[in-house]
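Okay, here's what each chain looks like letter by letter:
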Amino acid sequence: MAAVAADTAGDSADVLAGNDSAERERERRYGHLADAMGVAGLDAVLAFGPGWRRENVRYLTDAPVQGAASFVLVPIDAAPSAFSTRRSDVEVVRARDWVTDVSWLERPYAVVLSDRLRESGAKRLGVAHLELLPIGYLELIRTALPNCEIVSATALFDGLRMVKSNWELARMRRAATVCAAGWRRFVEVLEPGLPEYRIVAEVEGELKRLGAEDNFMLIASGGDEVRGMTPPGDRRLQPGDMVRTELTPQMDGYWLQICRSAVVGPPSDGQKRSFELFNEAVEAGMAAVHPGVTAHEVAKAENDVFRSRGYGEYCTSQYTRVRGHGHGLHLDETPIIEGNETVLPEGSVFIIHPNTYTPLAGYHVLGDPVVVTASGCATLIDTERKLFASKLGASA
Amino acid sequence: MKRGLWAPSAEDVPDGEWAQRVSNLQARLVADDIDMLLIYGSVASADDISYLTNLCIYWNEGVLAVAQEGEATFLTKLSPRVHPWMRRTSTLSDLRSGRSFGELVASHVTDRSPGVVGFVDGQSWPKQAFEEVSGALAGWQIRRLGPMVADLRAVPSPAELQLLRTAGAIAGSVLAHSVSSSASIHERVADLERGIRGAGFADVFMETRASGDGTTSIGVRGQYRQIWAHCARLVSCPSQPTWVATMRTAFDGLLAKARGGVSDAALSAAAASHLDGLPDGAVWMLRSVDHTQLATAGELLPADPDRPHPTGSVVAVSLEVFFEDMTSAVLADTVLLGSDGAEVLTTAQSPDSATIR
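These protein sequence lines map, in sequence, to chains L and C.
The opening residue of the first sequence carries number 1 in the numbering used here; numbering runs sequentially from there.
The opening residue of the second sequence carries number 397 in the numbering used here; numbering runs sequentially from there.
Any given hint could turn out to be false.
Said to hold, decoys possible - Simulated pairs of lysine to aspartate or glutamate, EDC-like, Cα-Cα distance not exceeding 20 Å:
1. Lys398(C) to Asp332(L)
2. Lys523(C) to Asp234(L)
3. Lys473(C) to Asp332(L)
4. Lys398(C) to Asp214(L)
5. Lys398(C) to Asp304(L)
6. Lys653(C) to Asp101(L)
7. Lys523(C) to Asp214(L)
Honestly, the hints are just simulated from the structure, not real lab data.
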């Protein structure tokens, strides 16, 4: 995957303050897209957004569409058109004014999408999330453009989105403040007897109160038997439990994650030792970051801490998934994992989280989102990195 | 992602009913000469799989394979590390993880003679999954089917209907509280999230709209256990525009016409007679979405305005108005269609009468 260059207009006071205009951001994106289409030999792209992967539609519209299926068609030499299966999305997209030709797909596979595809006359069409495109829509495209070569543009868009402009970073910093507030609420409510799903309800309420559009959140509670995180169950907290979570609110389209663990009451020695191990791994990952570092190198720096302490086996897929991942308009962008040679340029954003199981205290969750800077990285969140303990738990 | 309560629900659905659901589907396979059924699900739409197994695809995607006999098998690209949780919270015991659906299906059919394989909701299968899986089924005859499982679910069982009543009571009550408060819109949404997730909903989608004259619409579409409910209300504002009363009267009028056998065209006609008083340039739209399609708000299946809804089915009826200034408003309720009329399930109830967990 190739990433576009960082925003070159970085010397303007507005840009430095993150106040660059939405119009300039639109120009930047469509300019980069045109360049990428030229390199890839595409004369049109179709960004497809299924209900759980709308990042590319958002990238091209800046609008929070909600339809079960949405699209943006961008011919190389004509204005873009947007489509959604939800009628109310038409007004939402038009109000943002990045795309003015907006249509409701009144029925699935509606003729208006066929018409626009036909008008594009595309001979080589790139489809973002072609892999997830329903067969019915694929057949619609093939019927509308019978002589067109259809290729995946998923990686092309991943590359476009990787480097964040100052305009985008300003939004991600707003997401960071909501992350921090969500974590504060998480710790506040922990008390013996509270079921896991009620914790999520309280955090969700706080995130939405602050304007979050959505949230990705996994949780686990218990002792050293905990092997991973899942959606919440009805298990009730007990004194001494470690409660782990990754909170990932979405603000203005941008997802940002915080990973922390908290103890219901005073932490045990094992929980403290576990925190020290994971904190050292986070710091090692951060220390490895510089413009041009690969995802592999960051992951290796984290894993080497575990290896050096005799916990290397817990960095394998038997116990864990990734050592972090990219952030942006999608919450789980390029994985930070050994073997992934994706280059992380200046302006890319990802979380460093060496989350895994060890016998010290069970599954431990700790991590911070960072942006790659000219000299290393900057943490996007100011929540203290420590093993938290709930006051209510302490008084139990 | 789904981040609300997901737990075994023996008290909600009798154990025998889970097996019966799979048996009913298998009987349909025998009748239709289909040897194996493949059901695709993603975090955005996996209700057929939940209906058959109580499995929650909280993120990513998976495929459920059901043969004419035997237990169902779940194929997923998720790590085996989540299998213990999946086994604990579903009826499944046969879970298989792998790098691609093609490899997983090829392995699954190794000892089976090729026959007829049906792809449920074939039009909706994602390109990659469909091509991988069909490519792995050399010698098999492939049939792209319609919403076979959803058809079986159209008229809910007594256990499902009880869940729908519970979900409706929770959603209706929490929404009524939100509408009656004087809080900001973000505070109202926060209260809704806290109340509905705190009552055990697994998935929640909030919707707020503001019209140009300051009238707010607020709604919730959410999943409780394996079922969904939808409701939306208008919040009174000081200017009290006349279209609000017009819209409410029209909505009441169409609900009065709702019953088994009614079509969307008939409901639209019932609403139309009341909607002359909308502001100039406003357009309106009526939709009724079967409860089995609420995860995607019914947007992925072609709707037939003349198709009668069966007696005993549950649908979410919504009336939307779109104004010239690009704003809009919405009213919605989930209703049980009886032979003589409709029972609104998403009504506010006293705390004692709603089974709030």
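Here is what the structure says about each hint:
no. : hint                   : result
1   : Lys398(C) to Asp332(L) : 16 Å, holds
2   : Lys523(C) to Asp234(L) : 37 Å, violated
3   : Lys473(C) to Asp332(L) : 15 Å, holds
4   : Lys398(C) to Asp214(L) : 11 Å, holds
5   : Lys398(C) to Asp304(L) : 34 Å, violated
6   : Lys653(C) to Asp101(L) : 37 Å, violated
7   : Lys523(C) to Asp214(L) : 27 Å, violated
Consistency note: the structure conflicts with the earlier hints numbered 2, 5, 6 and 7.
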